[in-house]
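Engineer: Residue numbers (our numbering): -4 to 285.
Quick caveat, the hints were computed from the structure, so don't treat them as lab data. As the structure is a computational prediction, the values presented were derived from the model and not from experiment. For each residue, glycine too, the CB sits at the ideal point set by N, CA and C. Each hint should be verified, as a subset may be incorrect.
[Unchecked claim] Label pairs and their in silico Cβ distance ranges: (1) A8 to W176: 36 to 44 Å; (2) F266 to F44: 16 to 24 Å; (3) D106 to L71: 33 to 41 Å; (4) A145 to F45: 37 to 45 Å; (5) L38 to D205: 41 to 49 Å; (6) V29 to N207: 46 to 54 Å; (7) P21 to R64: 23 to 31 Å; (8) G261 to V165: 40 to 48 Å; (9) A252 to N207: 21 to 29 Å; (10) E112 to R211: 15 to 23 Å.
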Amino acid sequence: RLRRMSTWITHPADRINTLRALVAPPILFAPFFVESLAANTSLYGIGIFFLIGKTNYLLHLHIHHPFSRNSTLNLLLDLSMGSVTGMTSSNWRIQHLYGHHRGIDLPYRGDRTWQLEKYSPLRALSFSIGTLWTTFFAPIRESFRKGILANLKTPINYRWAFFEQSLLIVFVIALAISQPWLILIYLMPWYLATHFVTRYLDYLNHYGCDENGTDRFAVANNCVSRWFNFATHNFGYHTAHHLRPGAHWTTLPDIHATFADQVPEGNLKRFSWSGILLPYHFLRSLRGRM
-4 RLRRMSTWIT
6 HPADRINTLR
16 ALVAPPILFA
26 PFFVESLAAN
36 TSLYGIGIFF
46 LIGKTNYLLH
56 LHIHHPFSRN
66 STLNLLLDLS
76 MGSVTGMTSS
86 NWRIQHLYGH
96 HRGIDLPYRG
106 DRTWQLEKYS
116 PLRALSFSIG
126 TLWTTFFAPI
136 RESFRKGILA
146 NLKTPINYRW
156 AFFEQSLLIV
166 FVIALAISQP
176 WLILIYLMPW
186 YLATHFVTRY
196 LDYLNHYGCD
206 ENGTDRFAVA
216 NNCVSRWFNF
226 ATHNFGYHTA
236 HHLRPGAHWT
246 TLPDIHATFA
256 DQVPEGNLKR
266 FSWSGILLPY
276 HFLRSLRGRM
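Let the sequences and hints guide you as you build the complete structure.
Structural biologist: Below, the structure is given as structure tokens:
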């Protein structure tokens, strides 16, 4: 049976990612069912950061290149990672896969020309905080309009997208009714941190870039830090990801290598983009090194 399940995975490198995605919800929601963990959420929160802190990177990989050939398992992965990150797969598909990668950012980011012009702590925080609500709410509104009112099913089933996003909200409300303080001091801070880091990395990927220009090698920044790319499944090779959004993450370094000499020097960053290094990034920007 285990051998049969392994054949469902589209790429061998994603077997461990599939397992990580499936065990993430029991790890995150354990304090709601284990009193000793609920009493030590600060310490437990540090632990889960190391255990499941990369789940949103996994969800990003999954929506571009589904981990499984089996539709039921893919749905389970969608729901599993969506509950852990607070960003459902439908959210990712609407605002990122069929939004950002098609050059449609205005409904989800708003007009952020000033923030994206160049890096500064104020611009980075303004972008990351200012896009939190629109990135979360706009896909819900869009899926209601296209799914409930119009029943559109391309490029995704918008009716299901609305249901999936609503299901997450109902799930959190149900937890809040039973344990409101745990929601306030544990789950919501986790969700907010996850969303903020996602927005901040979007900023890092594109500040100072000509996203709608004619030079396709200047549409994104690229973090070539080996440690960052090891920890995030080559997320730093962002130009390669934009040119080949359906390419498997294991191939991105090789794709990047084919045109690395054509990427403007200003779009190559050799320091880590890890969200926990935000103070370091601020310091670099004050020294004119971002």
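Engineer: Each hint needs a verdict: does it hold in this structure or not?
Structural biologist: Right, here's what the structure says about each hint:
1. Distance hint check for A8 and W176: the Cβ-Cβ separation is about 40 Å, which falls inside the suggested range of 36 to 44 Å.
2. Between F266 and F44 the CB atoms are about 21 Å apart, so this pair conforms to the stated range of 16 to 24 Å.
3. Roughly 38 Å separates the CB atoms of D106 and L71, a value that falls within the hinted 33 to 41 Å.
4. Remark: the range hint 37 to 45 Å for A145 to F45 is upheld by a beta-carbon distance near 44 Å.
5. In this structure, L38 and D205 meet the distance hint of 41 to 49 Å, their C-beta atoms being roughly 45 Å apart.
6. Checking the proposed 46 to 54 Å range against V29 and N207 shows it holds: the Cβ atoms sit about 50 Å from each other.
7. For P21 paired with R64, a C-beta distance near 25 Å keeps the hint of 23 to 31 Å intact.
8. About 46 Å separates the C-beta atoms of G261 and V165, a value consistent with the hinted range of 40 to 48 Å.
9. Roughly 26 Å separates the CB atoms of A252 and N207, a value that falls within the hinted 21 to 29 Å.
10. Between E112 and R211 the CB atoms are about 20 Å apart, so this pair conforms to the stated range of 15 to 23 Å.
Hint compliance for this structure: every hint is met.
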